[in-house]
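The hints should help you fit chain B onto chain A, whose structure is shown.
One-letter residues, chain by chain:
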Amino acid sequence: MDNRGGGAGGATRMVGVSMAQATAAVGYGRSTSIRQGLAPWVFLLPTLLFFIGYQIYPIIRVIWISFTDFEFLSNEPANWVGFANYIEAINDPLMWKSLWRAALFTMMFLPGTIILPLLLAVLIDRVTQPRIATVYRVILLIPAVIPSTLVFVLWKWMYNYQVGPINHFLVEVLGIFTVYDAPQWLGGTPLTLPAIAIMEVWWGLGYHTIFFLAGLAAIPKDLPEAARIDGANEWQVFWHVVLPRLAPIMMILVVLRFGTAMAVIDEYLIFGGFNRDTPTYTWTIFMYDQAFKLGLWRQGFAAAIGMIGSVAMVFVMIFLLRIFRSRD
Amino acid sequence: MSVQAIDQPTFRTRAVAETGDPRGWFERNRGPIIRHAVINLFMIIILAPLAWVLIMSVKSRPDSMRGDFWPRKFDFTHYGYVFEKIDTLPVNMFNSIYVTLATVFLTATCAVLAGYALVHMKTRGMGIIIAVLLVSLYLPIRVVSIISIYEIQSFLDLINSTSGLILPYVTLNLAISVLIMRSMFQLVPHQMIEAARMDGAGHWRILWSIGLPLVRNGLVVIFIVNFVTAWGEYLLCSTLTNDQEVRTMPVVLAAAQGGLGQWTWPALAAVYVLVVAPGIIAFAFAQKLFFKGLAEGVVKG
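First to last, the protein sequences are chains A and B.
Numbered according to this note's numbering, the first sequence spans residues 58 to 385.
Numbered according to this note's numbering, the second sequence spans residues 931 to 1231.
Hints are computed from structural coordinates only; laboratory data are not their basis.
Hints may be right or wrong, so weigh each one.
Per label pair, the in silico range of CB-to-CB distance [claimed, not checked]:
hint, chain 1, residue 1, chain 2, residue 2, range
1, B, N1090, A, L105, 25 to 35 Å
2, B, S1139, A, K154, 53 to 63 Å
3, B, E957, A, H297, 23 to 33 Å
4, B, E957, A, A369, 47 to 57 Å
5, A, L161, B, A1125, 56 to 66 Å
6, A, A369, B, T1039, 31 to 41 Å
Every residue, glycine too, gets a C-beta built ideally from N, C-alpha and C.
One chain only, chain A, in its complex shape:
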């Protein structure tokens, strides 16, 4: 999602599609052998136009730009510079620092966004009254229908130093802090990344739970029953019977969320800004800064930063998929 997303990944946040599903579909329906020439391509044309125009061409173009000294505001044509942009980026300590920051955020976010929904799903799965279960499900999906920017705006206010309810709760209700040493959540403080991670976990809590609920519903009820009769306690049932069967769903969630978390940008733009020393200055912001904010608009260099960041995270994603695959 996020898209989240849109958002951090848009719709991919909401729905997972497995690789197996695609490969299965390729060989489907051969027998009809419809020879209809152009007709299918007429149906596919709108999708292909949009997809090629705004996804495939831009990516190829960005790859090309990353090998040139392309500057959007310059009148001179771009020159091929080979790997110069890449070498400059690799030698820039900020490149590695900014990648590390994105990784740090991912490490804060990923465990919470998998484990909490899993726990909640196991609890809700045992609710037997259908009407209450429905109410729970509807509430769970409410955050998922709040558009990304509105989630960020809402939490920007929640964390607000003056009127934010979080600090009010910590100071007035719990009394852990006083007005003078209350935590400063946003604005480039060390707390900014955890604060964003908490917000993201909140946002994903509902529909990740729905995901796991779908997985739990697919487990035949007699399996855990049989284990209980054999004398297994609830923990053993969960650990040895339920969890292995949720593994495929977890695998997809981990890989997808890893992807969205490493490539977060909107949240950092809204909460962080462009100070190079702050924890939200990740590789995405580094790229955006070079492309659109700094006076130079060095888009060739920015493209190289973007490519290095993407390739690094895609390598880790492939590595993760490999690990998960080999375990089955």
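Coordinates of chain B only, in the frame set by chain A:
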């Protein structure tokens, strides 16, 4: 919370029916009680930020700075105030509605046509299309391609144009929408399409009168997914537009500094409630169809 209100009577009636002794009832139901307590704690965490902003929008101004959850004095005038005093607000609202409806309509059209073709009009090369769509879900294309999309938009003279946003917006969820539609059309039996073909119906007719009614639930999922993305998009809108008048409402809201000038906290909260409500209300109405759609083919995992 409303959840508890529904929850508790169930326990109470059962307790009375069984023994009438409240303490013994608690001992026997300890598992479910703890479970529901934990679930409800999570539900409160999910709902609390929304409840806070809703209450904030009807607080009097002094109360808004005080931080207490429940105000001492209510003030419902902020909703009228924001429309009178913040002059770009109606324009921003219109922009949001316009861009979102156009995006949802175009994406759904593309997805239905492509989904149908990918399942019921098989030809060579479609396996590759499906594979490319799938792989694109895992890549950070949205972030990296922004450099080139800026270039395309300025080539088409669409920088700082509200309508121009629609083109990249359609692509944001296109891959997932096509894949959802594809798995929906896989549920439509091949023989059904073949029979209609035998009767002389063309693909357009079949899609319109046989296909569409059968994939209705999936269409609801696509509507909601695309609505949510387009309504709240930030990166493209803030990069490709400069003036407040051409931007969408959430982007303006994200730039507003709380507590300053016309943006008093209750005014901000009132705008927020107006912007977030359509999605939640639409979801509430479509909720049954949405869950059916999810169950039918989307969360195959």
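Structure-based check of each hint:
| no. | hint | verdict |
| --- | --- | --- |
| 1 | N1090/B - L105/A: 25 to 35 Å | holds (28 Å) |
| 2 | S1139/B - K154/A: 53 to 63 Å | holds (59 Å) |
| 3 | E957/B - H297/A: 23 to 33 Å | holds (29 Å) |
| 4 | E957/B - A369/A: 47 to 57 Å | holds (56 Å) |
| 5 | L161/A - A1125/B: 56 to 66 Å | holds (58 Å) |
| 6 | A369/A - T1039/B: 31 to 41 Å | holds (37 Å) |
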